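Full structure from sequences and hints, please.
2 protein chains.
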Amino acid sequence: MTDGAETPDWRSAKKAATRARIRAAALELFRRDGYDRTTVERIAAAAGVTHTTFFRYFPTKEDVALSDNYDPLIAGLLSARPSTESVAEKVCGALLEGLTSIYLEFRDELLEQMRLVQSVPVLRARVWEVLVDTERTLLEVLDDDSLEARAVVSGIVAASTTIILAWAEAGGRDQLPELLASGFAALRRF
Amino acid sequence: MTDGAETPDWRSAKKAATRARIRAAALELFRRDGYDRTTVERIAAAAGVTHTTFFRYFPTKEDVALSDNYDPLIAGLLSARPSTESVAEKVCGALLEGLTSIYLEFRDELLEQMRLVQSVPVLRARVWEVLVDTERTLLEVLDDDSLEARAVVSGIVAASTTIILAWAEAGGRDQLPELLASGFAALRRF
DNA sequence: GATCATAATGTTAGTGACTAACATCTTAGT
DNA sequence: ACTAAGATGTTAGTCACTAACATTATGATC
Numbered sequence: 015m016t017d018g019a020e021t022p023d024w025r026s027a028k029k030a031a032t033r034a035r036i037r038a039a040a041l042e043l044f045r046r047d048g049y050d051r052t053t054v055e056r057i058a059a060a061a062g063v064t065h066t067t068f069f070r071y072f073p074t075k076e077d078v079a080l081s082d083n084y085d086p087l088i089a090g091l092l093s094a095r096p097s098t099e100s101v102a103e104k105v106c107g108a109l110l111e112g113l114t115s116i117y118l119e120f121r122d123e124l125l126e127q128m129r130l131v132q133s134v135p136v137l138r139a140r141v142w143e144v145l146v147d148t149e150r151t152l153l154e155v156l157d158d159d160s161l162e163a164r165a166v167v168s169g170i171v172a173a174s175t176t177i178i179l180a181w182a183e184a185g186g187r188d189q190l191p192e193l194l195a196s197g198f199a200a201l202r203r204f
Numbered sequence: 015m016t017d018g019a020e021t022p023d024w025r026s027a028k029k030a031a032t033r034a035r036i037r038a039a040a041l042e043l044f045r046r047d048g049y050d051r052t053t054v055e056r057i058a059a060a061a062g063v064t065h066t067t068f069f070r071y072f073p074t075k076e077d078v079a080l081s082d083n084y085d086p087l088i089a090g091l092l093s094a095r096p097s098t099e100s101v102a103e104k105v106c107g108a109l110l111e112g113l114t115s116i117y118l119e120f121r122d123e124l125l126e127q128m129r130l131v132q133s134v135p136v137l138r139a140r141v142w143e144v145l146v147d148t149e150r151t152l153l154e155v156l157d158d159d160s161l162e163a164r165a166v167v168s169g170i171v172a173a174s175t176t177i178i179l180a181w182a183e184a185g186g187r188d189q190l191p192e193l194l195a196s197g198f199a200a201l202r203r204f
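If you read the protein sequences in the order shown, they are chains A and B. 15 is the number of the first residue of the first sequence in my numbering; add one for each residue after it. 15 is the number of the first residue of the second sequence in my numbering; add one for each residue after it.
Treat the hints as calculated values from the structure; they're not laboratory data. One or more of the hints may lead you astray.
Covered, in the sense of this in silico footprint (three residues per stretch, anywhere, with C-beta under 8 Å from a C-beta of chain B), are these stretches of chain A [stated by the list, open to error]:
| id | segment |
| --- | --- |
| 1 | 113 to 120 |
| 2 | 133 to 141 |
| 3 | 162 to 168 |
| 4 | 175 to 182 |
Small disclaimer: the values here were computed from a predicted structure and weren't measured. Heads up, the beta-carbon is just placed ideally off N, CA and C, and yes, glycines get one too.
In structure tokens:
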């Protein structure tokens with residue numbers, strides 16, 4: 015009998031491939047024709063599936079534009095922070111480290127994604143909703159559900175996002191890590 | 015000839031009345047049947063108009079649930095802050111004052127609206143988008159478009175929103191101004 | 001190797017938000 | 001009355017998204 019892990023490796027691999035194909039097709043079309051002028055139907059067709067399959071992989075059209083998975087990285091870095099630091103110090107430190115390494119490795123991809131988000135209102139709105147998940151993740155790692163922690167974490171995450179979007183809006187000409195560092199410093203100065 | 019002010023008083027008054035009627039009908043239906051189970055068609059019918067007219071007053075269904083106008087109040091308070099304060103102090107001070115007076119005057123309305131936002135994902139997402147406008151307004155009043163100011167303002171506004179939503183989620187049992195004060199204090203302690 | 005179960009996909013038909021083009025009606029100024 | 005303009009209605013469409021059911025592919029079992 016197939017044990018606990020119910021999905022054989024190759025099966026989930028195939029699903030991952032399909033997911034990647036849909037995502038790639040979507041991003042390509044978004045870039046070529048713009049988000050609004052790209053219908054789900056066309057994305058699905060370009061990926062060789064139908065719209066139903068599309069929605070089985072991505073619950074909304076927005077999700078395919080926002081899909082990334084940086085949370086685990088940030089969470090890992092956060093948990094490695096020394097316990098002598100305050101909540102705010104830990105979160106700022108982890109975000110700075112994580113985003114810096116993402117920046118170094120995927121700068122172009124990040125820039126394109128953020129420019130898309132920046133230019134499409136519905137995506138801009140959705141980004142903040144996605145961040146709520148990030149915040150929840152961070153709070154779980156911190157093991158602190160106090161209102162103060164929630165406020166601090168959401169404030170820092172929001173500030174980071176504002177900075178990233180501003181960086182993208184300016185064409186990515188600046189060094190993102192430096193911008194983040196100066197933003198955090200400004201928050202700290204109060 | 016009809017001069018500069020092209021819309022006579024009574025005309026805009028009538029429009030305002032229609033707008034208010036649509037809004038009231040919508041909130042009533044949202045409360046009674048839930049946001050998702052309330053169609054725009056039904057709202058329009060309840061307000062004695064058609065869906066086209068609805069969309070002439072509110073660009074989206076979300077907007078009718080989020081329509082408020084607290085920004086001018088906050089902006090006014092912000093501009094009255096002494097210039098000796100830092101950006102963060104000014105913003106925190108203005109938000110605390112403004113939200114406190116809103117709380118004192120419209121507590122029940124605010125609570126109901128935030129509970130609705132809290133319980134409907136699409137509204138939760140949209141709220142953050144609306145806040146971008148608030149942030150822009152505040153930055154204009156501050157006459158400071160630096161990245162640091164943007165980061166600080168968005169951080170503080172996000173923290174405030176998180177606190178308000180948490181307050182509503184907990185049933186509005188706490189004193190909102192106290193929660194805000196302790197949240198701001200936590201941010202300040204860093 | 002035929003059978004059978006299951007996961008993935010497709011088909012079809014719907015709902016509902018939102019838009020655009022055009023018609024109608026109301027009211028203000030002449 | 002006549003006309004221009006602003007507000008509303010009608011109609012027909014697009015598109016995101018859902019649900020019910022049919023189909024196919026593949027793996028396990030006999």
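Status of the hints after comparison with the structure:
| no. | hint | in the structure |
| --- | --- | --- |
| 1 | 113 to 120 | violated (count 0) |
| 2 | 133 to 141 | holds (count 5) |
| 3 | 162 to 168 | holds (count 6) |
| 4 | 175 to 182 | holds (count 4) |
Hint compliance for this structure: hint 1 is the single one not met.
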